[in-house]
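Participant: Listed here are the chains, written in short residue letters.
2 protein chains.
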Amino acid sequence: MSTSSDPSADRFLSDLNELRAIGARGTGVVRRAFDTDDVRARLWLTDRFADAGLTPRIDPAGNVWGLRGRLLMGSHTDTQPEGGWLDGAFGVIAALQVARENPNVSVVSFQDEEGRFGATTGSEIWSGAMTPDQADALKDLDGVAFGTARQALPATGGFPDPTRFDAYIEPHIEQGPVLDTTGQVAGIVTAIVGLRQVEVTLGGQQNHAGTTPMDMRTDALRGLSDADYAIRDALRAIVTPRSVWTIGHVAVHPNAPSAVPGRVRFTVQWRDADTPRLDRMEKAIRTALAQIAAATGLSLTISATARLPPADMDAGLRSALAAAADTHAPGRWCNMPSGALHDATNVSRLMPAGMLFAPSIGGISHDFAEDTSADDLVTCLHILKTAAATLTSRPVRSAGRSCP
Amino acid sequence: MSTSSDPSADRFLSDLNELRAIGARGTGVVRRAFDTDDVRARLWLTDRFADAGLTPRIDPAGNVWGLRGRLLMGSHTDTQPEGGWLDGAFGVIAALQVARENPNVSVVSFQDEEGRFGATTGSEIWSGAMTPDQADALKDLDGVAFGTARQALPATGGFPDPTRFDAYIEPHIEQGPVLDTTGQVAGIVTAIVGLRQVEVTLGGQQNHAGTTPMDMRTDALRGLSDADYAIRDALRAIVTPRSVWTIGHVAVHPNAPSAVPGRVRFTVQWRDADTPRLDRMEKAIRTALAQIAAATGLSLTISATARLPPADMDAGLRSALAAAADTHAPGRWCNMPSGALHDATNVSRLMPAGMLFAPSIGGISHDFAEDTSADDLVTCLHILKTAAATLTSRPVRSAGRSCP
Numbered sequence: 001m002s003t004s005s006d007p008s009a010d011r012f013l014s015d016l017n018e019l020r021a022i023g024a025r026g027t028g029v030v031r032r033a034f035d036t037d038d039v040r041a042r043l044w045l046t047d048r049f050a051d052a053g054l055t056p057r058i059d060p061a062g063n064v065w066g067l068r069g070r071l072l073m074g075s076h077t078d079t080q081p082e083g084g085w086l087d088g089a090f091g092v093i094a095a096l097q098v099a100r101e102n103p104n105v106s107v108v109s110f111q112d113e114e115g116r117f118g119a120t121t122g123s124e125i126w127s128g129a130m131t132p133d134q135a136d137a138l139k140d141l142d143g144v145a146f147g148t149a150r151q152a153l154p155a156t157g158g159f160p161d162p163t164r165f166d167a168y169i170e171p172h173i174e175q176g177p178v179l180d181t182t183g184q185v186a187g188i189v190t191a192i193v194g195l196r197q198v199e200v201t202l203g204g205q206q207n208h209a210g211t212t213p214m215d216m217r218t219d220a221l222r223g224l225s226d227a228d229y230a231i232r233d234a235l236r237a238i239v240t241p242r243s244v245w246t247i248g249h250v251a252v253h254p255n256a257p258s259a260v261p262g263r264v265r266f267t268v269q270w271r272d273a274d275t276p277r278l279d280r281m282e283k284a285i286r287t288a289l290a291q292i293a294a295a296t297g298l299s300l301t302i303s304a305t306a307r308l309p310p311a312d313m314d315a316g317l318r319s320a321l322a323a324a325a326d327t328h329a330p331g332r333w334c335n336m337p338s339g340a341l342h343d344a345t346n347v348s349r350l351m352p353a354g355m356l357f358a359p360s361i362g363g364i365s366h367d368f369a370e371d372t373s374a375d376d377l378v379t380c381l382h383i384l385k386t387a388a389a390t391l392t393s394r395p396v397r398s399a400g401r402s403c404p
Numbered sequence: 001m002s003t004s005s006d007p008s009a010d011r012f013l014s015d016l017n018e019l020r021a022i023g024a025r026g027t028g029v030v031r032r033a034f035d036t037d038d039v040r041a042r043l044w045l046t047d048r049f050a051d052a053g054l055t056p057r058i059d060p061a062g063n064v065w066g067l068r069g070r071l072l073m074g075s076h077t078d079t080q081p082e083g084g085w086l087d088g089a090f091g092v093i094a095a096l097q098v099a100r101e102n103p104n105v106s107v108v109s110f111q112d113e114e115g116r117f118g119a120t121t122g123s124e125i126w127s128g129a130m131t132p133d134q135a136d137a138l139k140d141l142d143g144v145a146f147g148t149a150r151q152a153l154p155a156t157g158g159f160p161d162p163t164r165f166d167a168y169i170e171p172h173i174e175q176g177p178v179l180d181t182t183g184q185v186a187g188i189v190t191a192i193v194g195l196r197q198v199e200v201t202l203g204g205q206q207n208h209a210g211t212t213p214m215d216m217r218t219d220a221l222r223g224l225s226d227a228d229y230a231i232r233d234a235l236r237a238i239v240t241p242r243s244v245w246t247i248g249h250v251a252v253h254p255n256a257p258s259a260v261p262g263r264v265r266f267t268v269q270w271r272d273a274d275t276p277r278l279d280r281m282e283k284a285i286r287t288a289l290a291q292i293a294a295a296t297g298l299s300l301t302i303s304a305t306a307r308l309p310p311a312d313m314d315a316g317l318r319s320a321l322a323a324a325a326d327t328h329a330p331g332r333w334c335n336m337p338s339g340a341l342h343d344a345t346n347v348s349r350l351m352p353a354g355m356l357f358a359p360s361i362g363g364i365s366h367d368f369a370e371d372t373s374a375d376d377l378v379t380c381l382h383i384l385k386t387a388a389a390t391l392t393s394r395p396v397r398s399a400g401r402s403c404p
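Chains as they are written, first to last, in the UniProt record's numbering: chain A, 1 to 404; chain B, 1 to 404.
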């Protein structure tokens, strides 16, 4: 094993496996924000921070900090309901190992990134995008409020002042197939894509599936098929290979084998790193839906558009990560957008932000089967250590931002 | 009102409204098989049978009989969870009024036609298609067994011997839009269409809707759209204007806005009065599904086909109903298949069977809003009385059956 004579890597992998044991379920883990195992993991982490010479702090949102230097690194330690062992954990433990060896680094584990209550809740509060009071009112699927749940992990201090940090680097698993499929060991994130989503309702006439002739039907499920095709056609001339769109949630009413569907609700979600392209996609989707409704006689309701803007990663941080990747994985890394949301989206409102991706085997994520080879994890650790060393030896803010 | 000087019609409408009051919910009714109001209605009915000179009997399946003559008429008095006031009730009360005036008529209200436990359960047992033991094991959505529920209506006798009847006529509302849309006041049923149904599962790869490029997806929901189109195309050259097919039930997994659908299950149901056409439709549907699976890389599972064969209505009974319709509604009736199942499907295995449809306003059925004009109901009553008079004045079995 390539890591056998590398104490830094051994410590990193050992910490990762200790954390994996908290809330373990077979190969996966379950640590929902503020549940017993999430709290155990966060308290375990404060001990690791103290051991490493960082000053531990739990803020009122449940974010756990290891404070020391001006370069902030980290991710999250809460998981999906059926979480992989590396989603979030890799970034936090890699940051911890970098901080052990570099006094100019601080570490964070943000809370509720995986959305028991909201989505990236802890970093959203810290970035100012959501007030603590708004967060306290968020409820999980069982009706438990964030404000109630967070009492399981009492704060030991306030929110750290963002100006004490110069930049943020979030290591994370890719959660997609691109690196694994193309044989890369690391990806440097160019931007976290923007996301837009609408909920569409097509209304027809619910009828008896035996007694209603085909020419007297207004079948809402057929409208869904028609809409799917129309959207595919409309987007073909607009998208790049990195644009994605998904009809992911579908509710058919009354959803019975012998009833002509009278109503279908479905989500259309699309993502791209480019805001003008998100706009063009939205226009094409709305136009296609309107045309289908007009052609079929179905009623059409489209919700207001939910929007998360794209977040460009900082060019200076990308450059430092790229140089480090050239050292440790020459020819085996690439630049890519992140199709998933991350805490870095929120933090990029406060300071320059960057991300490094490790490959996800088979692209599997949000699943107990999620995994990455130890060799790839360690290579990414080396890239992070080298990039951090570069960045903490000169002012981070010298790097320009990408053009919009 | 055309019925004001018609005591027979007045009595018929009065009985219909008395029955409507049992389990009334606004304009609709709720009498699920063996619930309190269904039992009340069936006991009320035995009293009406006795008043009319019929011999009441409740059989072990909960079918309620008014026994006297060799021409059996009736339908059912149980309802859908949100039932219309005429669905079933019209046929039973019309039969009761005919029997009051014609001693050669018997009346039945079959049990569980609307499928709290099975579907047309009472007539299925009586016809021998299901044993009483099989029926006792059927459970409703709350897990209550037919065998337990039927104790709410103790039997007063055994199952009547089918050979005591020569023929069965079931009056019913159309439950579809054809008569109302075309301005007819009665429909004579040529056949109850056959029904076939499969459950289809398309399996793709569940993935993150942000991180999975479009060209790396195997999206099961797209497979549903593709299948819908392929089936439409494949059936175009096979069907008649009376053939119907429906994708009525759809289950998407994991059914989340940010997940590429990994699996979609859906029903495909088709109905036609002609068995060879049902066969051709099945072949076309299965071929279309296989082609879509091959083209998309989705896995395909198709369940065994559920089958209910078409039931031809007896030509002699149709002829008697037609002559009566010519008398009472000249030029305002037509022949049509029944797209819905009825107890007559089961009874047609035992004896010649026929059906007369009254119009459903707006084609609405299985809904509290279901309705038919009093004038149309009374016209149908007159048709039934005249047809019964003709049929009971000569041997019913003289009529030939339709060619298969």
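Quick caveat, the hints were computed from the structure, so don't treat them as lab data. Mixed in with the good hints there might be a few duds.
So the derived list for chain A, only partly shown, Cβ under 10 Å to chain B, looks like this [what the hints assert, rightly or not]:
id: 1; residue: E101
id: 2; residue: P241
id: 3; residue: T246
id: 4; residue: V268
For every residue, glycine included, the Cβ atom is placed at its ideal position computed from N, Cα and C.
Participant: Are any of the numbered hints broken by this structure? If so, which, sorted upward?
Facilitator: Failing hint: just 1.
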